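**Q** So the sequences go chain by chain: L and C.
Just so you know, we're using this note's numbering here: the first sequence kicks off at 1 and counts up by one.
Just so you know, we're using this note's numbering here: the second sequence kicks off at 1 and counts up by one.
Treat the hints with care, as some may be off.
Distance condition first, Cα-Cα at most 25 Å in a straight line; then the derived SDA-like pairs of lysine to any residue [what the hints assert, rightly or not]:
| # | chain 1 | residue 1 | chain 2 | residue 2 |
| --- | --- | --- | --- | --- |
| 1 | C | Lys171 | C | Gln280 |
| 2 | L | Lys408 | C | Pro10 |
| 3 | L | Lys404 | L | Ala387 |
| 4 | C | Lys214 | L | Ser433 |
| 5 | L | Lys116 | C | Arg209 |
| 6 | C | Lys27 | L | Phe423 |
| 7 | L | Lys77 | L | Phe423 |
| 8 | L | Lys408 | C | Leu15 |
| 9 | L | Lys35 | L | Ile104 |
| 10 | L | Lys77 | L | Ile104 |
| 11 | C | Lys27 | L | Arg409 |
| 12 | L | Lys71 | L | Phe13 |
| 13 | C | Lys214 | L | Asn5 |
| 14 | L | Lys404 | C | Gln280 |
| 15 | L | Lys35 | L | Ala91 |
| 16 | L | Lys116 | L | Met446 |
| 17 | L | Lys77 | C | Asn296 |
| 18 | C | Lys214 | L | Lys35 |
| 19 | L | Lys166 | L | Ala387 |
| 20 | L | Lys404 | C | Arg209 |
| 21 | L | Lys362 | L | Glu494 |
| 22 | C | Lys77 | C | Lys27 |
| 23 | C | Lys27 | L | Ser402 |
| 24 | L | Lys362 | L | His501 |
A short, non-exhaustive set of chain L residues, derived as facing chain C with CB atoms under 10 Å [claimed, not checked]:
| # | residue |
| --- | --- |
| 25 | Ile3 |
| 26 | Asn5 |
| 27 | Gln8 |
| 28 | Asp9 |
| 29 | Leu11 |
| 30 | Ala51 |
| 31 | Thr122 |
| 32 | Glu123 |
| 33 | Arg124 |
| 34 | His125 |
| 35 | Glu234 |
| 36 | Lys362 |
Just so you know, the hints here were simulated from the structure itself, not pulled from any lab data.
All of these numbers come straight from a predicted model, not from anything done at the bench.
Just so it is clear, CB atoms sit at the ideal spot from N, CA and C, and this is done for glycine as well.
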Amino acid sequence: MGIENPFQDPLRFERQAPECAIVIFGANGDLTRRKLMPALYRLAYDRRLSAGFAVIGISRTALSDDQFRDKMLESVKQFSEDTAIDAEVWAAFARGLYYVAGDINDAALYQRLGQKLTAVETERHTGGNALFYLSTQPSQYALAALGLGGAGLGKGGGWRRLVVEKPFGHDLASARELSGRLHQVFDESDVYRIDHYLGKETVQNILAFRFGNGIFEPLWNRRYVNHVQITAAESIGVEGRGAYYQEAGALADMIQNHLLQVMATIAMEPVASFRAMSVRDEKSKLLRSMRAMTPDEVRRNSVAGQYGPARVGGQDVAGFRQEPGVDPQSPTDTYAAVTFFVENWRWAGVPFYVRTGKRLPKRVTEIAIQYNPAPLHIFDEDAAESAPNLLIMRIQPEEGLSLKFLSKRPGAGMTLRPVSMDFNYGSSFGERSPSAYETLLLDAIMGDATLYTRQDMVEASWSVVEPIQNVWRETKFDFPNYAAGTWGPAAADEMLARRGHAWRKP
Amino acid sequence: MAAAGAEGIPPERVLRELADLWITLGKQGEAESGTGVLRACTLNLVVLAEASDDAAALEETIAALMPEHPARTIMVKLSGAGERALAERVYAQCWMPFGQRRQICCEQIAITASDAALADLESVVLPLAAPDLPVIVWSRSARLFEMPPFGAIARMATKVVVDSAAFADAKRTLRLLAEMARGGILLGDLAWTRLTRWREMLARLFENRNYLAKLARISGVRVTYYGEFATSAWYMGAWVADALRDAGVSAQVVVGTGSGPPSLSVELAGGGFRVELVRQQDRLIITVDNAENCTNLPQPGDCLLMREELGIVRRDAVFERTLASAARLAYATD
Chain L
1 MGIENPFQDP LRFERQAPEC AIVIFGANGD LTRRKLMPAL YRLAYDRRLS
51 AGFAVIGISR TALSDDQFRD KMLESVKQFS EDTAIDAEVW AAFARGLYYV
101 AGDINDAALY QRLGQKLTAV ETERHTGGNA LFYLSTQPSQ YALAALGLGG
151 AGLGKGGGWR RLVVEKPFGH DLASARELSG RLHQVFDESD VYRIDHYLGK
201 ETVQNILAFR FGNGIFEPLW NRRYVNHVQI TAAESIGVEG RGAYYQEAGA
251 LADMIQNHLL QVMATIAMEP VASFRAMSVR DEKSKLLRSM RAMTPDEVRR
301 NSVAGQYGPA RVGGQDVAGF RQEPGVDPQS PTDTYAAVTF FVENWRWAGV
351 PFYVRTGKRL PKRVTEIAIQ YNPAPLHIFD EDAAESAPNL LIMRIQPEEG
401 LSLKFLSKRP GAGMTLRPVS MDFNYGSSFG ERSPSAYETL LLDAIMGDAT
451 LYTRQDMVEA SWSVVEPIQN VWRETKFDFP NYAAGTWGPA AADEMLARRG
501 HAWRKP
Chain C
1 MAAAGAEGIP PERVLRELAD LWITLGKQGE AESGTGVLRA CTLNLVVLAE
51 ASDDAAALEE TIAALMPEHP ARTIMVKLSG AGERALAERV YAQCWMPFGQ
101 RRQICCEQIA ITASDAALAD LESVVLPLAA PDLPVIVWSR SARLFEMPPF
151 GAIARMATKV VVDSAAFADA KRTLRLLAEM ARGGILLGDL AWTRLTRWRE
201 MLARLFENRN YLAKLARISG VRVTYYGEFA TSAWYMGAWV ADALRDAGVS
251 AQVVVGTGSG PPSLSVELAG GGFRVELVRQ QDRLIITVDN AENCTNLPQP
301 GDCLLMREEL GIVRRDAVFE RTLASAARLA YATD
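Using the sequences and the hints, build the whole thing.
**A** Right, here's the structure in full:
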């Protein structure tokens with residue numbers, strides 16, 4: 001083992017990426033333009049990237065390095081929400097941008113990429129390290145990985161890692177098949193399945209809240225928690241992604257990955273250490289503890305929905321089937337609500353209500369933990385019934401925590417009223433929060449997989465979601481069943497009402 | 001504003017004024033935006049400043065610190081010689097976070113104290129501190145550092161931050177600071193904080209495996225300074241020497257003065273390998289052997305320096321070791 005750098009001071013120095021080349025497949029795509037390049041530029045702006053850093057963009061369009069640089073500058077200008085373009089920083093960053101044109105199906109592309117990587121390593125001193133980022137159609141993931149392997153690029157002088165965007169398969173079998181093909185070239189420890197939800201500061205804050213404080217853990221179980229609601233609502237429709245969306249649907253697009261990962265973060269057992277393996281082991285255990293439902297249970301515990309046309313905020317809004325690129329008879333779910341159960345001692349019998357949908361009244365993502373009422377109502381019973389104790393973790397917008405409890409109203413008499421104790425993440429820490437992609441890209445470059453999804457986690461979540469998919473596929477839904485701008489189908493309210501619960505209106 | 005004069009400052013009254021202030025702010029916020037105000041407080045910041053200090057600039061610095069480190073700020077203005085006098089006023093510092101409707105407010109208490117009243121300061125400040133939160137004392141007065149009441153003020157603090165660049169005798173300052181640290185006082189020195197970004201540059205240089213492999217060749221370290229960088233220079237020399245020692249490298253460290261505009265440079269050399277970092281105004285020139293690179297490194301203002309120090313309310317082992325080494329190094333050269 002070589003000597004370590006004795007000048008490091010982790011308490012004061014910012015986390016820095018080691019030298020490497022990032023190879024982006026799909027460099028002309030939306031994700032690269034909107035998220036990846038602005039995130040990388042911001043990391044450069046914050047001096048988080050090493051001087052030995054380079055990006056090699058890959059796409060079919062023929063472009064020179066300079067044309068690619070100009071295009072990326074336009075993207076960064078357009079999509080960097082809170083970062084000014086500094087001419088000098090951009091000039092230094094842009095010198096490390098390169099481009100290779102080619103078709104992912106063409107073996108010659110990987111030969112050219114190999115030559116470019118060698119040239120860039122000499123020119124930029126990237127140390128032979130390479131991070132391959134697949135920002136392409138999911139059908140091309142395995143092709144790209146095998147192409148890299150065929151050209152001998154899966155191994156090199158430094159480390160080699162592969163970042164894969166969701167969806168990780170469309171069911172359990174395809175997820176396993178995809179992993180199997182990726183593993184022909186990359187070890188599982190070098191495969192980084194990205195779920196940008198897990199890179200959000202407030203999702204990470206769930207871990208800090210749960211395991212950095214001693215006072216909440218005793219209340220974090222079936223004895224005190226009545227039920228949990230996880231909501232990811234979007235006010236927008238499919239926004240031009242109709243063709244993609246109708247192949248996926250809300251259940252597969254949101255619940256199978258983002259929301260089950262959030263649920264695992266909420267419900268997992270405490271970790272022994274904040275290391276990638278410990279955290280991912282506990283999440284995986286939790287996902288494997290979730291009850292895979294029988295068809296009858298699926299019918300009772302899940303609701304599919306699709307929005308229809310409506311007038312929202314004084315404007316006519318198209319229904320899903322009227323969106324461009326969508327089949328007018330499409331059976332795709334734009335709303336999904338599921339009651340999950342975790343079969344372990346901590347959570348047995350506690351319903352986890354998870355819902356997501358498009359064209360709901362507002363954009364909000366939150367987790368609400370509702371506590372059991374006081375065992376005896378010695379005050380105003382109505383007040384206690386109508387205002388339960390709630391711990392709300394808001395992921396977006398206005399990230400923060402709220403604890404709702406009852407308090408005596410000032411004045412004569414013992415009248416109670418609910419009050420909210422708020423912690424606002426953005427205002428308590430005025431520092432800018434890094435975007436999810438900044439966090440996750442830096443983690444991948446540094447080899448920290450804590451916030452990435454592992455193969456067994458993906459498979460465990462498909463094991464829970466697939467039985468629902470199977471029943472929904474065979475069911476003839478009467479779509480559309482909710483109007484745009486409302487909180488989803490009435491059946492979703494009935495699903496909770498059967499257990500004496502009601503959805504929050506966040 | 002309430003002037004307490006010789007009778008002192010009853011903390012109950014100040015705290016009552018603070019409570020009234022929150023009620024007023026809440027009503028104003030409710031009337032203006034219907035959302036009230038949010039009180040934010042993560043620490044107590046006690047600022048000790050001379051009356052001659054630029055009050056407006058200091059207010060700006062504190063206002064800029066609040067979004068990241070919301071605090072109950074107790075601003076103590078040192079009025080110098082004269083009657084034993086203390087006076088106070090209470091007010092709030094509010095801001096509207098971008099894209100949000102609710103104002104965030106932090107509270108401030110301003111106290112004026114004559115030199116004769118400094119002995120009473122501890123008994124005034126402690127009851128006014130928000131409970132269960134750390135008390136950070138930022139002493140901007142070089143004069144106060146040498147006065148007897150400073151010890152009592154430092155002992156009430158969770159952490160004391162000074163700026164030794166403003167002190168006249170660098171060696172004596174280092175010795176006093178090292179003694180305080182040995183006595184268990186948690187310290188921060190902005191003269192050390194100023195070095196963070198360029199210490200980082202030096203560390204980053206040795207992330208390169210080729211350069212790291214040449215570390216063992218280094219036999220000499222020369223730090224040259226001019227102007228206000230005296231304590232920074234001793235810190236730099238001590239820090240480099242300690243780091244080299246950790247890597248099993250023994251090097252002779254020389255700290256000396258240069259000339260011209262205020263500057264600081266450090267050179268590590270030996271066995272045909274040479275690394276030099278030179279700070280000149282807002283630029284850092286990094287030379288490795290014959291290859292030179294110039295980078296923009298603006299001199300950080302008080303706000304940036306304090307942001308960093310307020311973020312570290314615990315033992316900073318690297319600084320503590322460097323301070324002890326710097327004090328030894330400085331006196332060894334006498």
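**Q** None of the hints should be skipped; say for each whether it holds.
**A** Against the structure, the hints come out as follows:
no.: 1; hint: C:Lys171 to C:Gln280; in the structure: 23 Å, holds
no.: 2; hint: L:Lys408 to C:Pro10; in the structure: 31 Å, violated
no.: 3; hint: L:Lys404 to L:Ala387; in the structure: 8 Å, holds
no.: 4; hint: C:Lys214 to L:Ser433; in the structure: 38 Å, violated
no.: 5; hint: L:Lys116 to C:Arg209; in the structure: 23 Å, holds
no.: 6; hint: C:Lys27 to L:Phe423; in the structure: 20 Å, holds
no.: 7; hint: L:Lys77 to L:Phe423; in the structure: 33 Å, violated
no.: 8; hint: L:Lys408 to C:Leu15; in the structure: 23 Å, holds
no.: 9; hint: L:Lys35 to L:Ile104; in the structure: 22 Å, holds
no.: 10; hint: L:Lys77 to L:Ile104; in the structure: 28 Å, violated
no.: 11; hint: C:Lys27 to L:Arg409; in the structure: 17 Å, holds
no.: 12; hint: L:Lys71 to L:Phe13; in the structure: 33 Å, violated
no.: 13; hint: C:Lys214 to L:Asn5; in the structure: 12 Å, holds
no.: 14; hint: L:Lys404 to C:Gln280; in the structure: 55 Å, violated
no.: 15; hint: L:Lys35 to L:Ala91; in the structure: 20 Å, holds
no.: 16; hint: L:Lys116 to L:Met446; in the structure: 23 Å, holds
no.: 17; hint: L:Lys77 to C:Asn296; in the structure: 22 Å, holds
no.: 18; hint: C:Lys214 to L:Lys35; in the structure: 39 Å, violated
no.: 19; hint: L:Lys166 to L:Ala387; in the structure: 38 Å, violated
no.: 20; hint: L:Lys404 to C:Arg209; in the structure: 54 Å, violated
no.: 21; hint: L:Lys362 to L:Glu494; in the structure: 21 Å, holds
no.: 22; hint: C:Lys77 to C:Lys27; in the structure: 31 Å, violated
no.: 23; hint: C:Lys27 to L:Ser402; in the structure: 21 Å, holds
no.: 24; hint: L:Lys362 to L:His501; in the structure: 21 Å, holds
no.: 25; hint: Ile3; in the structure: 6 Å, holds
no.: 26; hint: Asn5; in the structure: 5 Å, holds
no.: 27; hint: Gln8; in the structure: 5 Å, holds
no.: 28; hint: Asp9; in the structure: 5 Å, holds
no.: 29; hint: Leu11; in the structure: 6 Å, holds
no.: 30; hint: Ala51; in the structure: 8 Å, holds
no.: 31; hint: Thr122; in the structure: 14 Å, violated
no.: 32; hint: Glu123; in the structure: 15 Å, violated
no.: 33; hint: Arg124; in the structure: 12 Å, violated
no.: 34; hint: His125; in the structure: 8 Å, holds
no.: 35; hint: Glu234; in the structure: 18 Å, violated
no.: 36; hint: Lys362; in the structure: 15 Å, violated
Hints 2, 4, 7, 10, 12, 14, 18, 19, 20, 22, 31, 32, 33, 35, 36, counting from the list given before, are not met by this structure.
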